[in-house]
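K.L.:
The chain contents come next:
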Amino acid sequence: MLRFALRRFAWSVPVVLIASFLLFWAVRATFDPVAKLRQGHDAGAVQREIERLGLDRSIPEQYVLWMKGFLTGDWGTSTRTGGSVSTLVASALWPTLQLMFWGVLLAAFVALAIGVYTAVRQYSAGDYVLSGLAYVGISLPAFWFGLVLIQVVAVWPVQSLGWSEPPFYFVGLHAPGQSGFNLDYLRHLALPLATLTVTLTASWSRFARTSMLDVLSSDYVRTARAKGVPPRAIVLRHALRNALAPFVTIVALDTGVLFGGLIVTEQIYSIPGMGRLFLQSLQAGDVFVLVPWMFVVAIAVVFFNLMADLSYALLDPKVKLR
Amino acid sequence: MPDFLSRNRGLTALIAVLLAAGATACGSSDGGGGTVNGAGGGSTSASTGPSGGTLVVGAEQEPDCADWIAVCAGNIWGSYTMQVTTLPTAFDTRKQDGRWALVPSDVLAGEPTVEVRGGKQTITYRIAPEAVWSDGTPISSRDFAYTALQIRDGEGIFDKTGYDLIEDVEMPDEKTAVVKLRTTFGPWRSLFGGSYSILPEHLLRGKDRAKIMKDGYSFSGGPWKIEKWQKGNSVTLVPNDRYWGDKPKLDKVVFQFIPDTSAAFQALKSGQVQSLYPTPQVDAISQIKAGIPNTRVEVDAETGNLEALWMNNGRFPLDDEAVRKALAYAVDRKAIVERLYGPLGVSDPEQSFVTPLVGAFAGSDFDVYEPDPARVEQLMTGAGWSRGGDGIWAKDGRKAEMTITSLAGNKRRELTEQILQQQLREAGFALKITNTTPAEIFSKLAPAGDFQLGLWTLIDQYPEPALSASFSSTSIPTKANGNSGINFYRANIPGLDAELRTVDTSTDQATRRAASLRADALIAAAVPSLPIATVPNVLMTNDAIGGPTSINPSEGPWWNLEEWTRGQ
Chain A
267 MLRFALRRFA
277 WSVPVVLIAS
287 FLLFWAVRAT
297 FDPVAKLRQG
307 HDAGAVQREI
317 ERLGLDRSIP
327 EQYVLWMKGF
337 LTGDWGTSTR
347 TGGSVSTLVA
357 SALWPTLQLM
367 FWGVLLAAFV
377 ALAIGVYTAV
387 RQYSAGDYVL
397 SGLAYVGISL
407 PAFWFGLVLI
417 QVVAVWPVQS
427 LGWSEPPFYF
437 VGLHAPGQSG
447 FNLDYLRHLA
457 LPLATLTVTL
467 TASWSRFART
477 SMLDVLSSDY
487 VRTARAKGVP
497 PRAIVLRHAL
507 RNALAPFVTI
517 VALDTGVLFG
527 GLIVTEQIYS
537 IPGMGRLFLQ
547 SLQAGDVFVL
557 VPWMFVVAIA
567 VVFFNLMADL
577 SYALLDPKVK
587 LR
Chain B
6 MPDFLSRNRG
16 LTALIAVLLA
26 AGATACGSSD
36 GGGGTVNGAG
46 GGSTSASTGP
56 SGGTLVVGAE
66 QEPDCADWIA
76 VCAGNIWGSY
86 TMQVTTLPTA
96 FDTRKQDGRW
106 ALVPSDVLAG
116 EPTVEVRGGK
126 QTITYRIAPE
136 AVWSDGTPIS
146 SRDFAYTALQ
156 IRDGEGIFDK
166 TGYDLIEDVE
176 MPDEKTAVVK
186 LRTTFGPWRS
196 LFGGSYSILP
206 EHLLRGKDRA
216 KIMKDGYSFS
226 GGPWKIEKWQ
236 KGNSVTLVPN
246 DRYWGDKPKL
256 DKVVFQFIPD
266 TSAAFQALKS
276 GQVQSLYPTP
286 QVDAISQIKA
296 GIPNTRVEVD
306 AETGNLEALW
316 MNNGRFPLDD
326 EAVRKALAYA
336 VDRKAIVERL
346 YGPLGVSDPE
356 QSFVTPLVGA
366 FAGSDFDVYE
376 PDPARVEQLM
386 TGAGWSRGGD
396 GIWAKDGRKA
406 EMTITSLAGN
416 KRRELTEQIL
426 QQQLREAGFA
436 LKITNTTPAE
446 IFSKLAPAGD
456 FQLGLWTLID
466 QYPEPALSAS
476 FSSTSIPTKA
486 NGNSGINFYR
496 ANIPGLDAEL
506 RTVDTSTDQA
516 TRRAASLRAD
526 ALIAAAVPSL
536 PIATVPNVLM
546 TNDAIGGPTS
556 INPSEGPWWN
566 LEEWTRGQ
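Here the protein sequences come in this chain order: A and B.
Offset between the first sequence (1-based) and the numbering used here: plus 266.
Offset between the second sequence (1-based) and the numbering used here: plus 5.
Everything labelled a hint here was simulated from the structure, so no lab data went into it.
Treat the hints with caution; some may be incorrect.
List of simulated lysine-lysine pairs, DSBU-like, C-alpha gap at most 30 Å [said to hold, decoys possible]:
#1 233(B) to 252(B)
#2 416(B) to 339(B)
#3 416(B) to 294(B)
#4 212(B) to 334(A)
#5 216(B) to 334(A)
#6 334(A) to 236(B)
#7 236(B) to 257(B)
#8 339(B) to 404(B)
#9 100(B) to 236(B)
Using the sequences plus the hints, can you model the full thing?
P.N.:
What follows is the structure, given as structure tokens:
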């Protein structure tokens, strides 16, 4: 297992390096870090910044300098904020990780439960209802669903029921001055979590259902039934374990993508995570943040791909590690 | 595993949140229903309330950094939320005789004296004896000298205009600063009072200013000081007890960052924030039009943001003055303004490239350009154009087809482009829309002159004219000036450069004003571009907020936050 993991890790290095150069080249060729100075009244400001930031060098030269800095922990300085890029990315990672952690945990648990239930009770009323809801969940645009949730769950009770404050908040993960895991945190977390998990739960539940149906129709399950193994044991001990392997794989792959893909949720709920950092940097043409941001996300995707492979092997002993 | 992830505590917390939701449901309320105050007027209407309390403001952008003289601090929201409220300036933007002007602030003991000798200008500032920093140290001439030289000589400075003319700053005594300029500088009031504030020398000299200031600072020379800047979440201000002017009435002000317009309006409706200053995009105007209960809406069209139809005078067919004039007579600007800002009560187009913020220097010479199909016909046929079978003007086998470029994703501008397309088609001009990113426009297309028509905003940040940057022929980007000018329109109007130079260099206000009015008339006669509308400012405040709320187009809506109160 260790050799497999190391070999996969070694393969990931050139992938990440090639991706980093392509990202660097694409971002530098597309964005102008001094664009905001070009509309100003100080004609010399643009040239001063180009020289100060070393933008007059060739792109390969800039890439080598940037990569050296990145590997030694100097990720550069944001042109937008003047702050350290590593600090910016680290502080944006924390809220995103919180959302991802709770979101993946909740969505995976609920999706698996729905998947198992709908597979075991195939073509029952419950199956039809939950399958229908899953299709609705898959087709819900996150920005729309998020705004509807805010209106119904937070604004409506205040405006129509006369409550003094909304039951759930929708600005950030804490009220100003608050921190830590407390009631305030939960009241802020509920709506973004609901927005994030509805689509994940819907799509993963369909996947879990298909996976369970495959296993439940296999020969060894039929044999177990014929031998009189109790239905609960068949589902939980024999079928679920085998159905878990592809399910965990898809969860791991989606988790990697979530790293940079919470843009809509973070924008609607004013959460200062990776998605919002990307948007702000994009709008400001801050190439010194965009490149490391994409690089970190690329590393996360590669890492979770590796995790998917390893978990598949762990859950399914038939899979040989090569 | 972290403690908080333990199953029991998670379950307990879940139950607690549900209980809390129920508990809050039983709370008393003053919300719901209520009257909707329509937009309009920009009037100041507020009830007074008791002192104390916390005000939460929804800020649509987070400041990028708080080192106000650095490139990273170009975001105007930084100025609104922290700079104006915490740092002293020599001049404030205030209304005088109905016009916005830079007037001496309470940092100064009076109007500075200005002397011109041998083509050089000397400005003597006398500092008010009572002016002190939050640590009790007097604001002194050393602070003026430090600030001036940091801007003049520093690296990564946003704008050195005016400061690059400083030869020396003398300090004859603690409360007198004498600034000597190499040449005369007309907008000298913008020094220590335009975009920049005075910095505390005793705290910053010999230290890394950027490092100390960029994430917020603890010192203050204004009514407020920064208690905390929680990045990505909020900025909290508390009163500066040592401020020598009117003391703040509120205990605390929190600017909470809500970048999504819809979420910001919902936060105002649900009481999570008590004030908003939304950019009047199409979606924001729709929400205002729909009405927000218990909320005052103040609209001010006298701003420094001018939306214009920019024409490339160096490209066919706009290199022909007759075509530019015909376009000006073909566009119904009033209809555009009414469509965009009518729900806010704003309907008049702008008649000068000098924005209302700099209104003392503005004429109204563009008011002759009203929709007039007969004039369009006359101008075009007089210049040798004739209509083709498709109704489009043509000359020498080339059609009057143009492309308009603006910022992709900006709904207000996209709507404007569609209206323009329709109006111009009726007048015989074909218009194609190709929008792109700001970087593409301002880094490549505009400097290279690679556009025909453009739609974007000219911004004046303080009440001093700056037309030479946009219309002087010396500001046309060329290899000779390192492609650094912003006369992207290639406007080269005979006689205009001399008038703009007078505006920039004369120290006599009357002379400057007269030259600016003549420049305005020359621009209107040549129509190098067409002003459309100033983008109005909108301030929304909950009825429970008292105090004289009003919008200052340069310093923002919270320029007098110390006078605001909060009712029960």
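K.L.:
Need the status of pair residue 216(B), residue 334(A): alpha-carbon distance at most 30 Å?
P.N.:
This hinted pair holds, its Cα atoms lying about 24 Å apart.
K.L.:
Next pair to validate is residue 236(B) with residue 257(B); report whether the Cα-Cα distance is within 30 Å.
P.N.:
18 Å, holds
K.L.:
Between the alpha carbons of residue 212(B) and residue 334(A), is the straight-line distance 30 Å or under?
P.N.:
Holds, at roughly 28 Å.
K.L.:
Between residue 334(A) and residue 236(B), does the CA-CA distance stay at or below 30 Å?
P.N.:
28 Å, holds
K.L.:
Are residue 339(B) and residue 404(B) close enough, with their CA atoms no more than 30 Å apart?
P.N.:
Satisfied, since the Cα-Cα distance of roughly 27 Å is no more than 30 Å.
K.L.:
Would you mind confirming whether the straight-line C-alpha gap from residue 416(B) to residue 294(B) stays at or under 30 Å?
P.N.:
Satisfied, since the Cα-Cα distance of roughly 17 Å is no more than 30 Å.
K.L.:
Would the pair residue 416(B) and residue 339(B) pass a check requiring their Cα atoms to be no farther apart than 30 Å?
P.N.:
19 Å, holds
K.L.:
For a C-alpha distance cap of 30 Å, please report whether residue 233(B) and residue 252(B) respect it.
P.N.:
20 Å, holds
K.L.:
Does the structure keep residue 100(B) and residue 236(B) at a Cα separation of 30 Å or less?
P.N.:
The hint is violated at about 34 Å.
In summary, the one numbered hint that this structure violates is 9.
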